[in-house]
Structures are given as structure tokens and as C-alpha cells.
Amino acid sequence: DTEVTQTPKHLVMGMTNKKSLKCEQHMGHRAMYWYKQKAKKPPELMFVYSYEKLSINESVPSRFSPECPNSSLLNLHLHALQPEDSALYLCASRFGSGTSGVPEDTQYFGPGTRLTVL
Amino acid sequence: DAKTTQPPSMDCAEGRAANLPCNHSTISGNEYVYWYRQIHSQGPQYIIHGLKNNETNEMASLIITEDRKSSTLILPHATLRDTAVYYCIVARGSARQLTFGSGTQLTVLP
Chain A
1 DTEVTQTPKH LVMGMTNKKS LKCEQHMGHR AMYWYKQKAK KPPELMFVYS YEKLSINESV
61 PSRFSPECPN SSLLNLHLHA LQPEDSALYL CASRFGSGTS GVPEDTQYFG PGTRLTVL
Chain B
1 DAKTTQPPSM DCAEGRAANL PCNHSTISGN EYVYWYRQIH SQGPQYIIHG LKNNETNEMA
61 SLIITEDRKS STLILPHATL RDTAVYYCIV ARGSARQLTF GSGTQLTVLP
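First to last, the sequence lines map onto chains A and B. Residues in the first sequence are numbered from 1 upward in steps of one, following the numbering used here. Residues in the second sequence are numbered from 1 upward in steps of one, following the numbering used here.
If you're looking for bench data, these hints aren't it; they were derived computationally from the structure. Worth double-checking, as some hints may not be accurate.
Stated by the list, open to error - Listed below are the simulated DSS-like cross-link pairs for lysine-lysine, each with C-alpha atoms no more than 27 Å apart in a straight line:
hint : chain 1 : residue 1 : chain 2 : residue 2
1    : B       : K52       : B       : K3
2    : A       : K9        : A       : K19
3    : A       : K38       : B       : K3
4    : A       : K9        : A       : K41
5    : B       : K3        : A       : K41
6    : A       : K40       : A       : K9
7    : A       : K38       : A       : K19
8    : A       : K53       : A       : K40
9    : A       : K53       : A       : K22
10   : A       : K40       : B       : K52
11   : B       : K69       : B       : K52
12   : A       : K19       : B       : K69
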């Protein structure tokens, strides 16, 4: 089973709202990722969590706040977003063995949350 | 960063083999090449990966040149459901970050 789930599938929010995106995996993966994908563009990395600790922040604005409460769950808290933040937000996970190339080192993606900021 | 270059689009007739090329001339010796595809508005789907040997799985084959500067993804019998954007990526860093390029839009024609 290589399933990563994301909720909600779609989210519409105003610029003053606070909302959260949720990502879950039960594959025992210890590395989890948030990507942002604008229309007709490739995904761009936002954050990486490794063993529940934030290891990479790709200079993402503070209105995006990630959280990893446990090894299976990854949240992205949203506050005071702008219309240009409208995008598909993708979560991915990886075993995180530290050994490149072994099958369990592959990143598996969820279906994404389509976010629209009005 | 090991960047990749792919043609922006390709067409393939249904039932024929689709051969998608990728150039990764700055790849380092211990970096793997990964292939993903993304069907419209869905999450990227893992296809295959390799280091220097050719690889095959139930979805595709991956041919890597001896100098590792380029590779080709082969879908042996393309179907309409294989229409997607295909990304060739060199995973980098301790977190195996994936830096997506522009990819190749493969359209399988009936």
C-alpha cells in the first residue's frame, strides 16, 4: 500500500480566514513533504519534515505554517493568504532510510488539495 | 543542482511504444534519476528510477546511457490513459528533494 491521503480535496477561503490542510500516511514513512503547484507549472517544494522535525523550509512566507504532530500526520496551517496563493497543494512521503535509490526511498504523493483564495 | 531537460511535448499512437528522452548532463555519480507522471490535476505518480543500470517494472523501462548524462523512459504499449505530463527528476540532498522541471506532455492518440 503506497497511499497518501489529503483532506480536504477542495478548499475555498477568504483572505482573512484560517484553515488547515491535512496529510496522512500509514506506511511508516519518516520523511514528509509539502509542495505547491500553480496551474500549468511543475510542483515546487515548500517544506520537508524528517523524523517529525522541520528540516527544510524553501523560504516560504510565514502565512504558511507546517506542523507534524506525529510520524503519520502532516498539517499545513493557512492564515491571511493572498489570491496568488491559490494552487494545488501536494503532500508526499518517503521512508527516509537515508540510502538513495532503495525502493522504500521513493516519494509517494497524495492527490492534492485544490485551494482557492478569494 | 542536477537539472534535467525534456522536450515540452510528444505524441504517440495508441499501442505503440512511447520513448521519452531526458538530458541530465550535470548528474553526480551517486544521484538517482526518477520518473514521475502527472495526469491532469492529480498528484504525481511514481513510475521508475535508476542509477546506472537499465531498469524495468510493470509500468515502464528506463534506459540510462553509460555516461549517465541522459536517459529514456519507455512505455512499451501506450494507451490513452498514459496521456500525462512526464517528469524526469534527479533527486538531490539528504532529504532527496525532487526539483521538478517542465516535463514532457505526452499525448497518446487513438
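Hint check results:
1. In summary, the hint linking K52(B) to K3(B) is supported, as the alpha carbons are separated by about 17 Å, within the 27 Å threshold.
2. Between K9(A) and K19(A) the CA atoms are separated by roughly 13 Å; this keeps the pair inside 27 Å, and the hint holds.
3. Proximity of K38(A) to K3(B) is assessed by CA-CA distance (about 20 Å); at most 27 Å being required, the pair is judged to hold.
4. A hinted pair counts as satisfied when its Cα atoms are at most 27 Å apart, and K9(A) with K41(A) qualifies at roughly 19 Å.
5. Among the hinted pairs, K3(B) with K41(A) is consistent with the structure: their alpha-carbon atoms are about 16 Å apart, no more than 27 Å.
6. Restraint check for K40(A) and K9(A): satisfied, since their Cα atoms lie roughly 19 Å apart, inside the 27 Å limit.
7. Annotation: proposed proximity of K38(A) to K19(A) holds, straight-line Cα distance about 19 Å (limit 27 Å).
8. Using a Cα cut-off of 27 Å, the hinted pair K53(A) and K40(A) is violated, with the two alpha carbons roughly 31 Å apart.
9. Under the criterion of a C-alpha separation no larger than 27 Å, the hint pairing K53(A) with K22(A) is consistent with the structure, at around 17 Å.
10. In summary, the hint linking K40(A) to K52(B) is not supported, as the alpha carbons are separated by about 31 Å, beyond the 27 Å threshold.
11. For the given pair, K69(B) sits about 10 Å from K52(B) by alpha-carbon distance, which is consistent with the 27 Å threshold.
12. With a CA separation close to 44 Å, the supplied pair K19(A) and K69(B) exceeds the 27 Å bound.
When held up to the earlier numbered hints, the structure conflicts with 8, 10, 12 and fits the remainder.
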